[in-house]
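Model the full assembly from the supplied sequences, consistent with the hints where possible.
Residue numbers (our numbering): 7 to 354.
Please keep in mind that the hints were generated in silico from the structure rather than gathered at the bench.
Be a bit skeptical, because a hint or two may be false.
[Said to hold, decoys possible] Label-pair distances were calculated between CB atoms; the ranges are: (1) H76 with P230: 23 to 33 Å; (2) R39 with T70: 18 to 28 Å; (3) E64 with E131: 44 to 54 Å; (4) A46 with R226: 35 to 45 Å; (5) Y61 with K122: 41 to 51 Å; (6) T79 with G123: 30 to 40 Å.
Each residue gets a CB set at the ideal place from its N, CA and C atoms; glycine is no exception.
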Amino acid sequence: MHSGAQSVLFVGDLSYSDRYEHNDGIRWDTWGRFIERSAAYQPWIWTAGNHEIEYRPELGEVATFKPYLHRVTTPYLASKSSSPMWYAVRRASAHIIVLSSYSPFVKYTPQWWWLKGELQQVDRERTPWLIVLMHAPLYNSNEAHYMEGESMRAAFESWFVQYKVDIVFAGHVHAYERSYRISNINYNVTSGNRYPVPDKCAPVYVTVGDGGNQEGLALRFSDPQPDYSAFREASYGHSTLELKNRTHALYHWNRNDDGKQVPTDFVGEQHSTEEAEEESSFPETRRLRCFALRTNQMSKGLLLLLLRQSLALLAYLQHFGGRIRGIPSKSYIFVVCNKLSKDLKTVS
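Now the structure itself:
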């Protein structure tokens, strides 16, 4: 795809500065200067990951997320949030909700109350697409971080189904996975009713934690592949979501290291004219079922580039160079970033 992204959704683990606890934040600043060539031209919408916690009592750092909060600005006050860790923004026809996997979220906590109110006031006429970002995935068939998102799933999944969230993006697991539309809101340990079931009112769950990092890929998936898992692969990559209009979108995932523009994973389903008109008339019933299959079209809508750490390791790569544990070489990352910056300058 050759159109420039108008927003970047970054699902946590930004600079990995917590691995350099004695460098006094220099790692953060280097990473910030690197992404500036992209962030200067369009919004980067962030969620915090576990590598942003940076709790170091042995160094006297007892305030969590301190470097992150001092460097990353979020528009939380505009969405009446009490914390910059969770907030909502509107971009074109999308209402994007950002949650914090590592802040309290159980019943009656500030994040719980805020999300309840935010979902209730989403205007699907104005923003028919409803997207949620978080760090720890609610559904994950990889052995890495398996079931870590279960508590948040139990707290929020019923709301995601009730308010017909279209898609939930997460990171954390260093691999890629996309689910079918599923829900597990009737989970019951006693009865054994514990497996996700198909649910056309539920969101698609996408784990895109494979952008690049110093820890390598999470190579071990459960075997066999669960029925709810539509596609999974442990390769470095990134996802793109193109909202073409109120009812149609294109989503695809590309590997970072094979040099191919053809997507490895994409979803396509075409509405009939009657269905599209019906869903326009009843936005509360509109689902993310419409995808354009062609990947060579220029978009006039909103293009969201979903990243994790695919552009996050410039300083490390500049210092050591070449390919490090499967991370794309710095020359390739520069090509991606320069191309992105060039495209973004043309975005009105």
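To see whether the hints hold, each was checked on the structure:
1. One distance hint, 23 to 33 Å for the beta-carbon pair H76 and P230, is violated here, with the actual separation near 46 Å.
2. For R39 paired with T70, a C-beta distance near 25 Å keeps the hint of 18 to 28 Å intact.
3. Distance hint check for E64 and E131: the Cβ-Cβ separation is about 53 Å, which falls inside the suggested range of 44 to 54 Å.
4. At about 39 Å, the CB distance of A46 to R226 agrees with the hint of 35 to 45 Å.
5. The hinted window of 41 to 51 Å between Y61 and K122 is violated, with their beta carbons roughly 28 Å apart.
6. Roughly 23 Å separates the CB atoms of T79 and G123, a value that falls outside the hinted 30 to 40 Å.
Figure legend: structure checked against the earlier numbered hints; hints not met, in rising order: 1, 5, 6.
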